[in-house]
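Participant: One letter stands for each residue in the lines below.
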Amino acid sequence: MDLELIITSFPKLLNATVVTLKLLSASLFFGLFLGLFFAILRLNKNKLISGFAYVYSYVFRGTPLLVQIFIIYFGLGQIEYLRTTFLWVILKEPYWCAIIAFSLNTGAYTSEILRSAFETIKPGIIEAGRSLGLNKIFIFTKIQIPIAIKQSLPAYGNEIILMLKGTSLASTVTLLDITGVAKFIISTTFRPIEVFIVAGSIYLFITFLIHNIIKYLEKKYSYQ
Amino acid sequence: MDLISFGDNGWGDELFVATLMTIAVAVTAMLIGFLFALVFTPLKLSKYKILNLVANFYTTVVRGVPELLVIYLFFFGGSGAIMYVAQIFGYYDYIEINAFLTGAISIGIISGAYSTEVFRGAIQSIDKGQFEACHVLGLKKYIYFFKVIMPQMLRLAIPNLSNVWQITLKDTSLISVTGLVEIMRQSYIAAGSTRDPLFFYSFAALLYLMLTYLSMKFINKLEKNYSRGY
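Residue numbers (the working numbering), protein chains in the order written: chain A, 1 to 224; chain B, 1 to 230.
Just so you know, not all the hints are guaranteed correct.
Cross-link-like lysine-lysine pairs, in silico, DSBU-like; alpha carbons within 30 Å at most [said to hold, decoys possible]: (1) Lys221/B - Lys47/A; (2) Lys122/A - Lys22/A; (3) Lys224/B - Lys47/A; (4) Lys45/A - Lys217/B; (5) Lys47/A - Lys217/B; (6) Lys219/A - Lys49/B.
What the hints contain is simulated information worked out from the structure, not anything from laboratory work.
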């Protein structure tokens with residue numbers, strides 16, 4: 001055990017934590033909107049629209065995140081037309097490619113979580129709103145969404161933790177997040193165990209924080 | 001279409017072999033995971049606090065740390081650790097463990113943590129009366145476990161185990177960083193030499209979709225078989 005390496009690698013990995021957290025928060029932000037959008041499409045009565053949302057969530061949940069990142073980062077650059085549009089400004093950056101892939105991925109899982117939350121809302125509650133003469137948008141934003149948020153909090157907490165682990169794949173497209181820096185230190189010092197302990201503890205600490213925040217929110221939003 | 005033809009001009013046969021490799025790694029990892037679950041589930045359910053602590057440490061750490069980091073640990077640290085143990089027994093030559101074993105073991109340890117949680121949940125949700133009834137009837141321990149508890153546990157565990165299988169199957173794509181030629185690595189090689197990454201990575205995605213789809217079909221059948229009588 002090399003204590004000195006643990007001490008010297010800690011600040012480097014802590015710097016990389018900023019990158020990890022940036023990736024995580026950006027993809028959760030976009031993923032939540034995507035998830036809500038596709039959950040609403042899933043509940044649509046039109047078979048074509050709900051089918052489209054189903055295919056989206058099936059494809060992104062059925063393939064590894066690594067393939068998704070590679071298709072976006074290596075694959076899309078191959079289309080000549082894309083290179084001429086303004087999209088290329090975004091797609092040539094590995095940072096944005098990673099965020100796009102993560103957002104699409106977490107969006108698929110989030111849409112499933114939200115869909116099942118919407119489906120468990122008792123129809124009586126919506127009917128009560130309708131009989132009070134509230135309009136559809138009001139019922140959706142003021143009744144269905146708050147209940148769905150409360151219902152889906154535990155599952156969404158798990159999804160956040162899975163996404164935190166998912167951000168480690170950003171290191172495969174040259175980004176220096178915690179895992180990327182850890183790999184760099186390991187391959188220069190050949191001391192995997194020490195680096196694993198430091199990087200692993202940082203990840204576990206973030207997981208611990210997320211877990212407790214979700215627990216707090218669950219308590220706050222429960223009826224009792 | 002030429003790109004995925006079989007033979008010297010296409011990547012069809014290479015990708016086919018790579019798909020078999022992915023299946024082999026995933027199945028091996030899943031079985032290694034079961035071995036870990038077999039050890040850690042009893043620890044989780046044990047009366048002794050210290051054994052619970054050991055099992056909780058395993059499942060929390062492995063499920064809280066990115067898979068890629070675990071793979072790097074075994075990839076870079078695996079042969080070093082084995083050589084260290086070998087030196088204690090007086091073996092001083094260089095030992096290199098192959099990419100398949102490193103990958104299967106690291107993914108297996110991850111999958112084992114998830115399986116442990118699944119089995120623990122399944123055993124805990126079996127009615128207490130079942131255990132007591134076995135006790136009262138004076139059944140032998142192995143009959144009690146294999147004939148009474150196990151079938152009920154499997155029925156409850158299979159839906160969740162199918163999730164673990166999906167996670168394990170998708171995690172195998174990460175082993176490509178160690179150089180083992182499975183779907184992801186083969187696509188990377190093919191994309192590099194043909195300069196057509198969009199096609200090959202999309203094709204890889206399709207292969208993974210096919211694997212998840214087929215395994216779901218198979219698991220649904222198993223599920224039906226184990227829930228006879230319900």
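Participant: If a hint holds in the structure, say so; if it doesn't, say that too.
Facilitator: Verification of the supplied hints:
1. Lys221/B - Lys47/A: holds (27 Å)
2. Lys122/A - Lys22/A: violated (37 Å)
3. Lys224/B - Lys47/A: Holds, at about 28 Å.
4. Lys45/A - Lys217/B: Given pair Lys45/A, Lys217/B holds - Cα atoms ~27 Å apart, limit 30 Å.
5. Lys47/A - Lys217/B: Holds. Lys47/A to Lys217/B sits at ~23 Å (cutoff 30 Å).
6. Lys219/A - Lys49/B: The hint holds at about 28 Å.
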